[in-house]
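Engineer: From first to last, the protein sequence lines are chains A and B. At the far end of the first sequence sits residue 228, using numbering that gives the first Met the number 0, and the numbering has no gaps. At the far end of the second sequence sits residue 248, using numbering that gives the first Met the number 0, and the numbering has no gaps.
Nothing false has been slipped in among the hints.
Derived coverage of chain A by chain B (criterion: at least 3 residues anywhere in the stretch with Cβ under 8 angstroms from a Cβ of chain B; other residues may be distant):
1) 8-14
2) 28-36
3) 47-56
4) 101-111
5) 167-180
6) 200-214
Label pairs and their computed distance ranges (CB to CB):
7) B/241 <-> A/131: 56 to 66 angstroms
8) A/131 <-> B/137: 25 to 35 angstroms
9) A/35 <-> B/222: 32 to 42 angstroms
10) A/35 <-> B/173: 42 to 52 angstroms
11) A/186 <-> B/71: 13 to 23 angstroms
12) A/127 <-> B/176: 31 to 41 angstroms
13) B/74 <-> A/24: 31 to 41 angstroms
14) A/25 <-> B/204: 26 to 36 angstroms
15) A/133 <-> B/92: 50 to 60 angstroms
16) A/137 <-> B/164: 21 to 31 angstroms
17) B/221 <-> A/183: 43 to 53 angstroms
18) A/208 <-> B/176: 21 to 31 angstroms
19) B/204 <-> A/169: 55 to 65 angstroms
None of these hints come from the bench; they were simulated from the model. Here a beta-carbon is modelled for each residue, glycine too, at the ideal position from N, C-alpha and C.
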Amino acid sequence: MHIAEGFLPPAHAVAWGAASAPFVVHGVRSLTREVREHPESTLLLGASGAFTFVLSALKLPSVTGSCSHPTGTGLGAILFRPPVMAVLGTITLLFQALLLAHGGLTTLGANVFSMAIVGPWAGYGVYRLLRRYDVPLMVAVFCGAFVADLSTYCVTSVQLALAFPDPGSGFLGALGKFGAIFAVTQIPLAVSEGLLTVLVMRLLVQSSKGELTRLGVLLAGNKSEAVAR
Amino acid sequence: MLPIDAAAHSSRWRRRHPVDKAVLGLGLTVLAISLPPWPGAALVLVTALVALLGPAGVPRRRLWRAYRVPLGFCVTGAATLLVQVGGPGGFVSLADEGPVRAGELLLRTSAASLGVLLFAFTTPMSDLLPRLVQAGVPAPVVDVALVTYRMSFLLLDSVRRIRDAQAARLGHTTRAATWRSLAGLGATAFVRAFDRAARLQTGLAGRGYDGTLRVLVPEARVSVRFTAASTALLAALAALTFVLERPLS
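So here's chain B without its partners, still in its complex pose (with noise of 0.2 angstroms):
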């Protein structure tokens, strides 16, 4: 199981429905990329963090493991900004405003990403995907991704033991020999995945398959208190936003 997914199998919010989590985890996303990033994203910022080390219990280790995933991207592609092609300063040059846009974008994102993982440290996929059906998903569609959420599992398992398997046999010791064996392993990936499908479509047919994967979903209903919460603490994110909203510079 990825790490993410294991943390929210036992994340405190785990019982909470869905819905609840994504009212507050994905609204603060909404959040941070509609309004001014300063002091705007840097609320939410503070905000997603609170609520994820605090009440969510997400483990600090695990939450910067995860998180230094997207700020490197952020940080990469706000660097970008800090440059201007053309203009009187040469071919390349810095740009006047680079550093409040690259801060501004740096917000804005790392904001944005803390309320996405603020869902995903506390919703597994196996919680989540059967209820995309209610929310208008093709059946068919969600039991693709269901068997491809198991499958995945799976067949990152049987590459890991590949890969140390090949590397145990001297595998990767030269450029071609990595290359032998990187190709080896996508092949075999492929091999396995629909290997298992073949026996997973004989073990289905011999209990009466009949095209629908039926599978135990825990049973929560959205808690009207914890939504109203969240969208009172969105609400009052906003507003203060604009009351105090000065330019970054």
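With the rest of the complex left out, here is chain A (with noise of 0.2 angstroms):
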């Protein structure tokens, strides 16, 4: 779900860009550093972000009947960590405003901050986490997916509520009533992204373990076991 253009007022669209500069800038100082070492990571790189736009386009066949599309964040963030999914995510977004009118430039900021980086950190974190306790991977794989996409939406949910608030009950009840809204389909959709991503991770790890070792996912000679990076 993109905050679509012109939906903010200027204040916190203001705010949210703000927010997300700090994140973005230091994914674009790792990024920068990374590509000035290693010049052939430009190819690798902008692969990523091609693969995190064509994720995003995929149609994901909801619980309720419906379709929605994955945020690939989850996936984003355990495959490229959470530094160079802020700068990917970023792309990603302004494209997706520019190419498909999905978003905007005005709400860039806040879709930046959900998508890019809260999304990103929750997932890879609870992904880690796990990882730490000897948590199967694709069971890690799965929470980390689920709550990247869950988080995703509880913060958008609080920027529309902030946005927003209700003239009876203020922006708790703004957050339940947006909250309300997205749980009755982000969280079938968070379960089946989570479904989703684990279903990629499978077939990644059969037939693509030469990259996943690349990006430090697998260790190498070791199909199924992941490095706690």
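Hints are included, so try docking the two chains, each in its own frame, into the full complex.
Structural biologist: Right under this line is the structure:
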């Protein structure tokens, strides 16, 4: 769920942009350092960005019978790590705003904060935590993707509730209102995205061991164990 | 190529410098969210629509197809303002000022979306991205964005073909088959993306790749006349808004 162009008042748009800036700048610095040290990474990172863009265009069958699309933040964070995802997510959201009319430029900061910062960090945090306690890889991947998806929508609810407090019950009432609307659709979708991410990861472990090892997701010479990065 | 970008490549304003179009299109967006929704956003909406369909020459059908996406989000979002939680009317009741707030929000978002669409429908990404370096974006980030942009079309095309092939093999007939097909689609997109990156790397290495991607950008100069006219139009819209300002209700 991207917040549409012009949906947030100017002060909120600026505030969310300012909140996202340090994370994006940190990601840009990491990416710039990586590219300067290894010029060939430009192509790999570009491919990762394209993969993230295409992943968000896949239609996901929803439990309610309708269709939606995955956020891709969980899988992206596990594969490419959250700082890189902050930059790739920002590029993806910019493309979505200008090429697909999804989201917007004035709401870019708010969308980056929910989809490219909180989602990846929350999902990656859960994934790392579970891996530290030797939880099986696929269970950790499911939980990471589930939390990344759900936290993205929770943050979006908070952003909307702050911008449009309920006339009767203020921020909390609005949070309940937006949260209830999202909960009906997003909890099943978060489960769906978790399942899809597990299926994709299973196939990747079988077919792309080299790439997963290069990204640090798998230990060299071991197909099923993830590195605790 | 995606429809908006394809339209931008054949736009009447294709040869104009992106700064010209940013001043007008993004200026309208900024006005839409800054001015009072009535009559400010309404004036911006009409102006953007006239510019899109008139001088910019965007086909109506293409514009509607792109515009209905953000419009759907706006309507859904605005509908939540019609009700309130708690208060004397019960747990959930109609909000007194709900229709006015929803109407103002709809005006603001639909006008702001048209401003961005004016920019997007006239400025191809391939003209915009290389110029971001001059705007202060680090060159490595712009290079990554350029590769992402060019590779996205190839990947989207691959995904479309794989989906067709899966459908031809009855891959979408049952829910379980749909899930299997979708997972295969995601994994194949990943493999293809990395395979293309590796092949690009090999090809570029053979051509003396030093870490910078040099691309030809069509030459264009910022038109002082166009930007001055756009700024004057924006100023006139702002002035007219304050003259005509009345509550929506």
